[in-house]
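Chemist: One letter stands for each residue in the lines below.
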Amino acid sequence: MNDHLTTRLSRQLHAQADDWQGAPLTLESVQGTARTIRRRRRAAAGSVLAVAVLAVAIPIGVTFGGGSDTSPPPANPPTRLVDTDNPVEDSPLGVSFIEGRTLTLPNGAQTRLPQAYPGGVVLGDTALGLRSDNGDLFLDVIESGAVDETIPLDTGFARNADGTAIAIVTGGELVVRWESGQTSFGAVPSGLSPVRLVGGPDCSEAAGTCAVYLDDQTGGAPRVITTTGANQLVVGGPLSIGDVSEDGRLTTMTTEVREGDLGACGRVYDQTTQTTVFRTCEVTLERFSPGGQYVSADVAYQDGLRGYIAILDAQSGEKVAELLGDGSFFNEVVWEDAEHLVAVSFRDGEGWSVIRLGVDGSVETAYGPVDGPQDVSPLHLLGN
Amino acid sequence: MEVQRMHALARPGVTMADRGGTTPERDADFSAYMHARQTSLLRTAYLLTGDRHTAEDLVQTAFAKLYLSWEKVRDQGSIDGYVRRILVNENNSLWRRAWKRREQASETVPDQHHHDEYDDGVGRELWDLVQTLPKKARAVVVLRYYEELTEAETAEILGISVGTVKSQASRALATLRDRAPQTLDPTEHPREEER
Chain A
1 MNDHLTTRLS RQLHAQADDW QGAPLTLESV QGTARTIRRR RRAAAGSVLA VAVLAVAIPI
61 GVTFGGGSDT SPPPANPPTR LVDTDNPVED SPLGVSFIEG RTLTLPNGAQ TRLPQAYPGG
121 VVLGDTALGL RSDNGDLFLD VIESGAVDET IPLDTGFARN ADGTAIAIVT GGELVVRWES
181 GQTSFGAVPS GLSPVRLVGG PDCSEAAGTC AVYLDDQTGG APRVITTTGA NQLVVGGPLS
241 IGDVSEDGRL TTMTTEVREG DLGACGRVYD QTTQTTVFRT CEVTLERFSP GGQYVSADVA
301 YQDGLRGYIA ILDAQSGEKV AELLGDGSFF NEVVWEDAEH LVAVSFRDGE GWSVIRLGVD
361 GSVETAYGPV DGPQDVSPLH LLGN
Chain B
385 MEVQRMHALA RPGVTMADRG GTTPERDADF SAYMHARQTS LLRTAYLLTG DRHTAEDLVQ
445 TAFAKLYLSW EKVRDQGSID GYVRRILVNE NNSLWRRAWK RREQASETVP DQHHHDEYDD
505 GVGRELWDLV QTLPKKARAV VVLRYYEELT EAETAEILGI SVGTVKSQAS RALATLRDRA
565 PQTLDPTEHP REEER
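Here the protein sequences come in this chain order: A and B.
Heads up: the first sequence begins at 1 in the working numbering, then just goes up one per residue.
Heads up: the second sequence begins at 385 in the working numbering, then just goes up one per residue.
Hints listed in this document are in silico derivations from the structure and should not be mistaken for laboratory results.
Possibly wrong hints are sitting among the right ones.
Said to hold, decoys possible - Derived lysine-lysine pairs resembling BS3-like cross-links, with alpha carbons at most 27 Å apart:
| # | chain 1 | residue 1 | chain 2 | residue 2 |
| --- | --- | --- | --- | --- |
| 1 | A | 319 | B | 550 |
| 2 | B | 519 | A | 319 |
| 3 | B | 550 | B | 519 |
| 4 | B | 550 | B | 520 |
| 5 | A | 319 | B | 520 |
Isolated chain A (complex conformation) (with noise of 0.2 Å):
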């Protein structure tokens, strides 16, 4: 039966198929395509850069609320609320974001940025933008609606689980900032890019151990330093890491890039028992939800412009929601709560929105739509 239906088969779609000739393509034309590609890849590494290197922490002199009592007051009046004269509503989001040149935090309080920043970071009652000039990077500490200090970025930045400090590096030295202080881990080979701090906020060594998680840009394995200076390479031969958990026991990184860079398999791996908790080669595994129970992930095959997000159970593996941009595509993609992802979203004909997935698979669309050009968000997530 299935020799009939194989060579039946067969003979149908060279029926189908080989009298077409198809339009010729050109040289041109392809280096064009090309072109396109290697732009859009730009892109896509760009995103990901911006999500991954926002923070910085500054007060900017607007008490934000449910910050923290010690804070000292602001020396200079508060920075302008946007809308001063009306009560503050509450944000439609559950973590801070820009649009424009307005920032707004999820109690709703908001304040306006000297420019529109494509991406920052808010630690407590601090806030900082990052801008990029030439192709360097920079965060911005504003204060009163203007920049106070600008600190040069070597490279990225990561924050701990609850936002309330940062690690940089500048001047190739490794730094932690929080409120009330800072402290330098010392000078690391360039190159090195801070994915997750563990610990915190304190993370002077009085204080108690600290774990700056680095991927190294250069192509040399990530890295692990810590408040004593103990500096070895993250355990499980990652060629990269996406996040660590909240208590530094489980890390999602990349094992393996399939030839022709046509995918990219991954893990959760305990750090601890040294054991794989699941592998994949289905999705590129991401960030773990606050409390560690799911991880954010995004096609194996990363071609360009993001258009899928998935959320799985970070112990299973098991896919728990799946979104297909179906056309709309996502640029930034961060945890809102232990169960709801946020992204924005373009969509065309109708612009730039934030959207929720939910780990029961649930969706719908936080905020917007927002007019803006498609290359150019005018929403950004300053998410974990």
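Let chain A serve as the given structure and place chain B on it in line with the hints.
Modeler: Showing chain B alone in chain A's frame:
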């Protein structure tokens, strides 16, 4: 688990970037390969997608990616396998499928129907059914029964095991047989209206 979809379709905006560095020798080398292989790849792409515009675009993208990796792939002596792999992966790309659906919405030109001189209508029906197969199963069918690749060659291109190729092919054939038994042996399975 239900897969959620963003409903509207969009074509993400991308503009031309700077030109990459090329050499005349490299380009001549690449062009020779492209001209020799494009017709064959277009036909395979058409069978994978069922749409001529999408097939042309798919092949253009595959050649563009090959162009970006030309020296490496050529030196490895695996050009055909590499470009076929890109073709299949691109066709499976979620983002790309969505993008292309939008393009087709405004540019669709109906494909001509091809008739085998020996066809009794069954072949066409079989082709219609092939187009309902899941993407990966369809790729196995096209590579095995059109390209006439071995199970091992198919497995290598798809990045799956030989066992998976066997099971995918078997399942695809079973699906085709189950969905339209009358097309495979009309005498044994008369159509409802013929009874």
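Chemist: So, for every hint listed, does it hold in this structure?
Modeler: Checked hints:
Using a Cα cut-off of 27 Å, the hinted pair residue 319 of chain A and residue 550 of chain B holds, with the two alpha carbons roughly 26 Å apart. At roughly 20 Å between alpha-carbon atoms, residue 519 of chain B and residue 319 of chain A fall within 27 Å of each other, so this suggested pair holds. Straight-line distance between C-alpha atoms of residue 550 of chain B and residue 519 of chain B comes to about 16 Å, which keeps the hinted pair within the 27 Å bound. Distance check on the hinted pair: residue 550 of chain B and residue 520 of chain B sit about 13 Å apart at the alpha-carbon level, within 27 Å; holds.
For the suggested pair residue 319 of chain A and residue 520 of chain B, the alpha carbons sit about 19 Å apart, so the restraint of at most 27 Å is met.
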